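Those sequence lines, one after another, are chains D, E and B. Using my numbering, read the first sequence as starting at 1 and increasing by one per residue. Using my numbering, read the second sequence as starting at 1 and increasing by one per residue. Using my numbering, read the third sequence as starting at 1 and increasing by one per residue.
The hints are simulated quantities; they were obtained by calculation from the structure and are not laboratory data. Some hints could be false.
Claimed, not checked - Stretch-level coverage of chain B by chain E, calculated; a stretch enters the list once three of its residues show a Cβ under 8 Å from a Cβ in chain E: (1) 15-22; (2) 76-87; (3) 91-101; (4) 108-119; (5) 168-176; (6) 180-187.
Unchecked claim - Chain D is nowhere near these chain E residues, computed Cβ spacing over 10 Å in every case: (7) E2; (8) A272; (9) V286; (10) G290; (11) P428; (12) L432.
Quantities reported herein were computed from a predicted structural model and do not represent experimental measurements. Quick reminder that beta carbons are idealized off the backbone N, C-alpha and C, glycines included.
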Amino acid sequence: MSQVDATAPLGASSGGSPKPVKWASVIGEAFKKLSPRVQSKNPVMFVVYLGSIVTTLLWVQALSGKGEASGAFIFAVAISLWFTVLFANAAEALAEGRGKAQADALRATRQRVVARMLKEPRRDSESWPQPSDELDVGAYLLVEAGEIIPTDGEVIEGAASVDESAITGESAPVIREAGGDFCSVTGGTRVLSDWIVIRVTAKPGEAFLDRMIAMVEGAKRGKTPNEIALTILLVALTLIFLLVCATLLPFSLFSTVLNGSGSVVTITVLIALLVCLIPTTIGALLSAIGIAGMSRMIKANVLATSGRAIEAAGDVDVLLLDKTGTITLGNREAAKFHPAPRMDERTLADAAQLASLADETPEGRSIVVLAKNTFNIRGRELHGAETIAFSAHTRMSGINLDGRQIRKGAASAIRAHVEAMGGVFPQEITKIVEDVARRGSTPLVVSDDIHVLGVVELKDIIKGGIKERFAELRGMGIKTVMITGDNHLTAAAIAAEAGVDDYLAEATPEDKLQLIRKYQAEGRLVAMTGDGTNDAPALAQADVALAMNSGTQAAKEAGNMVDLDSNPTKLLRVVEVGKQMIMTRGSLTTFSVANDLAKYFAIIPAAFVATYPPLAVLNVMGLHSPASAILSAVIFNALIIVALIPLALRGVQYRAEPAARLLGRNLLIYGLGGIIAPFIGIKLIDILLTPFF
Amino acid sequence: MEHDLTQFALILAIMAGLVFVLGKWMTHLFVSPAHNIIERGTYRLLGVDPAEKMSWKRYGMVLLLSNAAMMLLGYLLLRVQQYIPGDALERASQSPHLAFNTAASFITNTNWQSYSGETSLSNFSQMAVITFLMTVSAATGVAAAGGFIRGLSRKSAADIGNYWVDFTRVIFRLLLPICFVLALVYVWQGIPQTLNAEAIANTLEGARQQLIVGPVASLETIKHIGTNGGGFFAMNSAHPFENPTPLTNTLHILSMLLIPSALTYTFGSMIARRRQGWAFFAAFLVMFLGFLALVYSAERAGNPMFASAGVDQAQTQLQAGGNMEGKELRFGIAQTSLFVTTTTAATTGSVDAMHSSLTPLGGLVPIAEMMLNNVFGGDGVGLINLVTYAILTVFLVGMMIGRTPEFLGKKVEAREMKFVMLAVLAHPFSILGFTALACLTPSTLASLANMGPHGFSEVLYAYTSGTANNGSAFAGLNANTPFFNTTIGLAMLIGRYLTLLPMLAVAGVMAAKTTVPEGPGTLSTSTPLFTGLLVFVVIIVGGLTFLPALALGPIVEHLLMLSGTTF
Amino acid sequence: MSDVSNTTENGILSLTKGIARPALVSAVFFMVVAGIAYPLVTTGVANILFPDQAQGSLIVRDGQTVGSRLIGQYFARPEYFHGRPSVTAGADPNDPSKSIDQPYNAGASAASNQGATSKKLLDAVNERARAYREENGLAPDAPVPVDAVTASGSGLDPHISVANARLQAARVARVRGLPPATVLALVNDHTSGPQIGALGDPRVNVLELNLALDAATTARPAAQ
C-alpha cells in the first residue's frame, strides 16, 4: 500500500498502461451509430442528424436543377453537417473504446472454470465438478493452491494466500481467511498456497467481475441527475433556436414584402444557422464526458456502482476519514525516551531495546531503531533469554535475561506487574505518561524487575503532505473529520497536527452513523471509507461510501464504490474525479453557448444581406462571401467538436481552489475563450474557403 | 447634457433610497403574523381561512381562479356600460371581443388598449373596471412574488404561504395607501380628478374645444404604482392631463420602479441574504443604465434625415433638441428617454412619447427590454423573471466549480430545470411564434402605418408587448382587428400565466429542499462577478434568441436611416 | 415534501376546494374597494384641496372658459404664437362618419406614429419647415427648431421651445404692431425653467403667452 498516495498528482494511476486507440474501430463505430435509433437518444445531435438528411435531400433537388441555392454550396453544408454528427459519434466511440479495452482485459480474467462443489461446508465433504457460471448463491466450493476462485464468496474454512493482481493490479499476495475482516474473495483471483472453503455470495453473472465489466463498458451507464438536468437545459436551448430559425423564414419573407425587394432566406442557410446555434459542442461530448469520468475512476482502481455516485463525490462537503491508514501511517513509531527521575536515558534505551529485540511489530522495531540511532546501541545476540510475547491478557511484552525481567507495556499493566513484585510505581512516571498522552502519543512504560525505568513515547506518524491536502480541501469548502478510536486527548492532538477540521474520538459505529446523519440534516453531503462489517450501516448512510476491497462483503455491498487498492486516502482522489467531471461538463456547456455570438455575426449578415445590403456592416469578421461565411461557421462548429474530444476525455484541469477562483479561471478560459475562439477560427476557415466560394 | 445627467442621477438616487423604505415595508407585509381589523373583516367576508398553508399548486390555483372571476366581472361591466346611468357622454358598451380583449389585458397587468380611452369608456368604467383591474392585477403580481420568495426562503417546507393573505395585504397595506397620497399630489400638479365627463372651452381663435376629464388622478397612480400602463386617454402619459409637468413625469417614473426595485430588498431580507437582494438590484440597474444610455444618445442625436431638411436638432440653451417627433416639449429628450427606459423595463407600458416615432436604436430599447422582461420588470413578476435567469446562470456557470449547481443553498436539479426552462421558453415562443404567424397573415400589411423594417418592428413590438405584459405599442399598427385582438390576447395570457405558474412551482419545489450551508466551496450568487454573469446570461440568452428578429427590425432600420433610405 | 405529493394524489378537486365562493366574492368586494371607494374618496378630498386642478385647470377670461392651461390650442393666425404641429383628427362636421384633420382636438388625442424612415414623416417635416420659414420670414436654408416641425405625442402639447418662440416673436410683434422687445419680454415672462430647479427643459406655454399678448395689446383683435 502506497503511503504517499495522498499527494499523488491527478492522473497517476496504478492501472495498466494505456492501450493505443484502434482508429479503425472508432471510425466503424462512428458510422454504426448513424442509425436513427441511436441518434434519437441525444436530442441535440438528433436535430443535426435531421438537418443533415434535409440538406442532403435539398442537394439532390439541386442536382435536378431546381435547387434553392447552388448545388456545390448545399453539398458543402450537407457534408459538414454529416461530419458534425460523425464527430459526435466518434467522441462517444472513443470514450467507450477506452472502457472496452479495459473490459476485454477483465474478460480474459473471467475464465469459465470448473468449480469443485462441496456438499457440506467442510474440506473433506463429498465434492463434484460444476461449471462456474452455474453456481448458485449459498453453494460451497473448495479452492486449492494454483486454482482460480470461480466466483465471489466468503471464506468459511481455512486460510490461503491469494493473488488478486488480476483485479487490483497489486502483485503482492493477500491472506484470505475464515472469520474476521479478510474473509471475502473475488472471482477471477488465484489461490497461491493452502486451501479455502468458500460460500458463494454472488448470483451467476452478477459477480464483482461481471459488474465491473458492465460498468467499464458503460452498458449500464444510466444518466446521472446533473446530466439529466443539463439535458433539459440543452433541449430547451435547442427548442428556442429551432423556433428562432423556423420563424426567420416568415420574417424574411415579410421583410422582402415590406422592403419591396430582396430574396427569402434559404432552408439550407436556416439549417446551417440552426446547427451552429444549438449547443452541439456539449451535446456531442456530453456522453463522452460521463463515460470518461467513469473510466478515470476505474483507472484510479476505484469501481463505482453508478455514475450518480461519482457525481455525488463532486458535491461532497464533509469527508469522514479514518485516522489509521488515511491520516496516519498504520503504525506508531518510537519518538523519544523519557527516563524516570534519577534514571539514565541510555539505561532506559538499552532496556527498551532488549525488551523489543524479539518484538517483530513495527512499534517494536521502531524502538530498536530509535535506541540505535540515539545511543548507538546495537542489537545483540541473546543467549538463554526467554522472550515474553505480547498477550491481550497481560498487555505487555518483554524478555527474561540473566534473571532480569524486562517488560514494556501500557502504564496500567506495568504498574500491576511492578506492584505485584513489591515494587513502587513512581508518581513522576504517571505524570510523564499523562504528558505523553496529551501530546497525542502513546506511552509505553519500561520496567526492569521492580524498577520503572521510564517511558517510551510512541508517536502516530502523520502521512507526508496530508496536512497541505486538508488545507486545500478546506479552501474548497470541504470539511475533514477524523474518526478514531483514541481518547479525546490523543485525538485532539493528532487532529491538530494533521490539520483536520474536526474529530470524532472513541468512535463507535453508532457514533459514526449519528455523525453522518447530523451532517446530512444540515444539508451536507458526506463521504467516508470503511472496511469492516460494523462500518456497513454508516457506509449505507453516507452519500459517497468508498469500501476497501480488502474489507468484508457486507462493507462492499453497503458502499457505492470499492477501492481495489484498499487505500483509504483514495477518497480524496474520488472527490477530485467527481468534481472534474462536473467541471468538464460546465466548461464545455459555457464554451458551447459562448460560441454562438461569433456564429451570429457570421451568419445573420450573410443570410439577409441580399434583402438589406446595409446589414453587411455586421460582417465584423470581413468574411469573403455569404456562402463562405455560412460554410465557415458550420465547418468551425464541426471541427470544434474534434478539437475538444481530448478535453472531454481527459477532463478540464483540476485544481484544489476556492469556488470563486475556480470559477474565475474557467470563465476566462471557457467563457471568454468561447467567445473569442470562433471569431478566429471562422475567419481562418473563411480564408481557406475564399478560392472556392 | 449635464443637466440631463443630473436629472438621471437625481431620479435614480431617489429610487435607490426608496428601495430601503419600501423594501422593509414589504418584508414586514409578507412576514408579519398579525392581521389587522380590515383584513380580518375581508377574510370573514370572503370566507377564507388566513391560516391555511398552501402548496404551490393550491396557491397558483387560487391565484388563477380569483383572477378569472375578476376578469369575468370586468368583462360584464364593460358589456353593460351603456345601461349604467351617469355618463354625460353616453358612451356605448364595448363589443364582446373588445370587452374580452380589454378585460384580459387588464387582468394580466398588460394594459394593451384596443380602445381609445376618451371616446369609449365612461367614468364608471374607468373606475370600476380599469382602476379595479389595475389594482388587483398588480396585487396578484406582488402577492405571487411574496409566495415565490417565501418558497425560496424555506427549508424542507411543504407550503409557500397563503394567497388570500398576501393579496389582501398588498392591496390594503401597500397599493391603496400609496395611491391615495400620490393621487392628491397629482391633482395638485394638475391631473383632473372629477366625476364630470367634459369641460367645454372656447379657444382664443374662437373654436370649440372639448376637454375630456374624469377620475384621472386615481387611475394614474395605480397605473404606474401597479406597473399597469393603460391610459385614461388614448395618448396615455403624453397627454397633458395624465402627465402635466416634469414633476409628474418624474413621479410616474419613480412609481413604476418603486415596487420592482424594492422587491430586491424584500427578497434579500426574506431569504436572510441581504447581499443577494443588492446583487439583483445591481443587475437590474446595470441593464437599466445600459438601455438608458442607448435610448438617450440615439434620441439626442436625432434623425439625420431631418438635418438635411434644415431642422436644428442640437441641444442648446433655448431648446432641448433631439428627435422630437411624437414627444412632448415639457419632457424633452432626457425625461422622455428615462420614461421610455422605465416603462418597458418595469413593463408598465404607459408612454409619455410615441415609441413608434423613436429613432430606430431608441425604439430598439423598449423592444429589447420587453424581450428580456427582467430589467426591473413588472410588479412581482420582474423579480421572479430575474430569479429564473439567476437559476439559469447558476446552472450554466455553476458546474464549472465542480459541483451540482446550487441557488440559495438549494441544489438545482432536473425538476426545477424543467419548470425554469418552461418559463424561459414560453416567452420567445409567444413572441416569435405569433410574430411569424402575423407575418404569414395577408391582412397584416393592411394594419401597418409604416413599410420597410419599421413595419416589421410594429408587428414584433405588438407581440413582445403583449407577451411581456407591457401594453405599450408601436402604435402605427392598427391592432383592432379580429386577428390581432385574438392573438395578442393569447400572447398576454401566455406571457402572464405560463411564466408565473412554473416559477411558483420552482418556489414550491425549492421550499421542500434542505439548504446547503454556504462556504468557500459553493458558488456565491451575491458577488459582483455573479451579477455580471447574470447580466451576461440575460443578454446572451435574450439576445441570442431575439437578435435575428431585431436585426430585421430596428437594427437594419438604423442602418437604412443612416444611408438615407425611406419607405 | 409529503404534503406536496399528497395534493398531487388528491388531484385537481382538492386544489380547487373552497375557492369558488371566495373568488367570486373577492371580485365584487375588491371592485367596490379599489374601483369605487378609492376613486370616490380621492375625488372628494382632491376637490376640497385643489378644486381648480381637479376640474382641469381651466382658464376663465371674461366669464368664459377659454381653455385649460395644460392643454394646447390650435393657433393659425399670425398674431398668435403657434404651437407645435398636431395630427389629431376629428369628425367631419359635414359627414360625421368621416374623420378629418382637426389639430388640437382634446377629445381625441393622437400622434403620427411614423417611424424615422417614414417617407410621409420626412415629407411632412420638409413641408412644415418650408411653411415655418415662409411665415416667419426666414431664409430658405435657415435652421428651424425641431419642435416647430415635428408633431407632439399627444397632439395637445401646450409648449414650444424658447428658440421657437423667439423666432416667432418678430412676426407676432409686426402683426400686432408691438415693439419686438415687448413681445420678447412676454416670451421671457412665460418661459418656465426646470421644475424644482432640476426637472424638465425650459419651455414656453403658448396659450398663456397668447393670453398675455391679448392683454398687452390695447387693440385686441376681434373675437371673430
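Against the structure, the hints come out as follows:
no., hint, in the structure
1, 15-22, "holds (count 7)"
2, 76-87, "holds (count 4)"
3, 91-101, "violated (count 0)"
4, 108-119, "holds (count 12)"
5, 168-176, "violated (count 0)"
6, 180-187, "violated (count 0)"
7, E2, "32 Å, holds"
8, A272, "15 Å, holds"
9, V286, "17 Å, holds"
10, G290, "17 Å, holds"
11, P428, "6 Å, violated"
12, L432, "4 Å, violated"
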